[in-house]
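Colleague: Using my numbering, the first residue of the sequence shown is number 1, and each one after it goes up by one.
Please keep in mind that the hints were generated in silico from the structure rather than gathered at the bench. The structure presented is a predicted model; accordingly, all values stated were derived computationally and were not measured. Errors might be hidden in some of the hints.
Lysine-lysine pairs mimicking DSS-like chemistry, simulated, CA-CA at most 25 Å apart [stated by the list, open to error]:
#1 Lys76 - Lys92
#2 Lys211 - Lys259
#3 Lys76 - Lys411
#4 Lys417 - Lys428
#5 Lys92 - Lys259
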Amino acid sequence: MNRSAAMKMIRSLYSFLVLFAVCGWIVLLTGGCMVGPDYHSPSPGAPSGWNGVAEVPAAQPFVPTVGSAELTLWWKQFNDPMLTQLVEDALKANLDVKLAVARLRQARAAQGIAVAALWPTLSASTEYMRETGVPINGKVGSAQNFYQAGFDAGWEIDVFGGQRRNIESAQASTLAAVEGVSVAQVSLVAEVALDYIQLRGYQQEIVIARKNLKSQQNTALITRQRASTGLLSQLDIANADANVATTEATIPVFETSAKQSIYALSVLLARPPADLLELLAPSGNIPGVPERIPAGLPSDLLRRRADIRQTEAQLHAATALIGVATADLFPKFSLTGTLGLQSNQLSMLASSAGRIYSGGPSVTWQIFQGGAIVSNIRMQEALRDQSFITYQETVLGAFQDVENALVAFNKEQEHYKSLKDSVDANSKAADLSLQLYTEGLLDFLNVLVAQRSLYTAENALVQSSQNISTDLISLYKALGGGWETYPADTAR
Numbered sequence: 001m002n003r004s005a006a007m008k009m010i011r012s013l014y015s016f017l018v019l020f021a022v023c024g025w026i027v028l029l030t031g032g033c034m035v036g037p038d039y040h041s042p043s044p045g046a047p048s049g050w051n052g053v054a055e056v057p058a059a060q061p062f063v064p065t066v067g068s069a070e071l072t073l074w075w076k077q078f079n080d081p082m083l084t085q086l087v088e089d090a091l092k093a094n095l096d097v098k099l100a101v102a103r104l105r106q107a108r109a110a111q112g113i114a115v116a117a118l119w120p121t122l123s124a125s126t127e128y129m130r131e132t133g134v135p136i137n138g139k140v141g142s143a144q145n146f147y148q149a150g151f152d153a154g155w156e157i158d159v160f161g162g163q164r165r166n167i168e169s170a171q172a173s174t175l176a177a178v179e180g181v182s183v184a185q186v187s188l189v190a191e192v193a194l195d196y197i198q199l200r201g202y203q204q205e206i207v208i209a210r211k212n213l214k215s216q217q218n219t220a221l222i223t224r225q226r227a228s229t230g231l232l233s234q235l236d237i238a239n240a241d242a243n244v245a246t247t248e249a250t251i252p253v254f255e256t257s258a259k260q261s262i263y264a265l266s267v268l269l270a271r272p273p274a275d276l277l278e279l280l281a282p283s284g285n286i287p288g289v290p291e292r293i294p295a296g297l298p299s300d301l302l303r304r305r306a307d308i309r310q311t312e313a314q315l316h317a318a319t320a321l322i323g324v325a326t327a328d329l330f331p332k333f334s335l336t337g338t339l340g341l342q343s344n345q346l347s348m349l350a351s352s353a354g355r356i357y358s359g360g361p362s363v364t365w366q367i368f369q370g371g372a373i374v375s376n377i378r379m380q381e382a383l384r385d386q387s388f389i390t391y392q393e394t395v396l397g398a399f400q401d402v403e404n405a406l407v408a409f410n411k412e413q414e415h416y417k418s419l420k421d422s423v424d425a426n427s428k429a430a431d432l433s434l435q436l437y438t439e440g441l442l443d444f445l446n447v448l449v450a451q452r453s454l455y456t457a458e459n460a461l462v463q464s465s466q467n468i469s470t471d472l473i474s475l476y477k478a479l480g481g482g483w484e485t486y487p488a489d490t491a492r
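I would like the entire structure built from these sequences, with the hints used as guidance.
Modeller: Next comes the structure, spelled out in structure tokens:
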């Protein structure tokens, strides 16, 4: 094929494609429509304010508006560098987040496939055959060569919008996948913080147990000394030893729980379970809560909660699929065309005499399918209704999460204040009873009761302090904080 013939072929192909595209778009723009329901964002009712905010203690004021930094990086409000480092490492390495990002890539690829269906297709082919003529009177016919090359184009014109509805559904599914990454990040940050708070709580209980154990061992020593002089019975010694053994038995339990919390944190950071033992084994305090607690307004929650946005995107996708199913009720229009060359001589393949072309519209219509199309529409409508119910449940659950966290946080602070008073009173009682016992003015049973009460109260105080922090974490999570830090495009 010489250069001139090649240029003619290219110009013919270009003209063919332009004409093909223009015809298709004219049909689409002049007669195209979108069957199926259009999506409208739901407008769920939201309360004007949070009931739990009115019950807040004066020492912990809630703020009516939520600052971006306060929720975006809420774990920094605890002022604990170790917690901050763990959260940031987890956001970069956690496998659940990476899985959500992979699902997002899948959704974007599916969207690309849906968009591609709206465009024409073009394929090229070449063919060579050698044929022998039919034998006549016993003589073999002469052999002939056959050469062919060309392009085939096809385009299903989206007259009734089925493909565009499919693109709409794919775009909404991609948005749902984006929010899925945010949901994974929110859950991850909360899990890391909760496990870390639990770890520090167990470590504090170990400290308290060892402190009380030392005090009880000292009391047991005093009891033995007094028993040696005949002032006490063996029963008092047995009670003192039992008190020591009971307290000592709690330490391995707390140590086990502390190590399990470290193992859980390691896995959240995509590390082997024991990888953080050296880093986190030293005892640390439970992080204190910040002075300002963001609460925001219920109406803000609908925009901030990633799970609400995710279920709404899923509702949008399900609504668009009704249009995809409805489009099957109508005929499908296509444009097809062929442009090529054929000859029995390779040297003549590019000549004008060897050019072939064909093109024209086609219509297909599924006239009878035994009711399958209508049933599919009804199925998609039912799936849309299910998505809407899921959305409503998610919204109501979000409101409940915030109210639960608020009331738990408020009441736990009241509980903590009472426990603090209890620890102070029990500490005085334990010191005084031991002093009177040493002086012979009080029997050992009173000392035993006082020491056990102090140990119980101190443990309860640590647990309450831990609960306050975990309730605040639950509040931050319920308010939808923690998802803006690492966008879905950069989380890997």
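Colleague: Assess, step by step, whether the Cα of Lys92 is no farther than 25 Å from the Cα of Lys259, and give holds or violated.
Modeller: holds (23 Å)
Colleague: Can you confirm whether the C-alpha distance between Lys76 and Lys411 stays at or below 25 Å?
Modeller: Holds, at roughly 24 Å.
Colleague: Please verify whether Lys211 and Lys259 have alpha carbons no more than 25 Å apart.
Modeller: OK: Lys211 and Lys259 at ~20 Å, within 25 Å.
Colleague: Compare the distance between the alpha carbons of Lys417 and Lys428 with 25 Å, and conclude whether the hinted pair is satisfied.
Modeller: Distance ~17 Å between Lys417 and Lys428 Cα, so the pair holds.
Colleague: Does Lys92 lie within 25 Å of Lys76 when you go C-alpha to C-alpha?
Modeller: Satisfied, since the Cα-Cα distance of roughly 17 Å is no more than 25 Å.
Of the numbered hints listed earlier, not one is contradicted by the structure.
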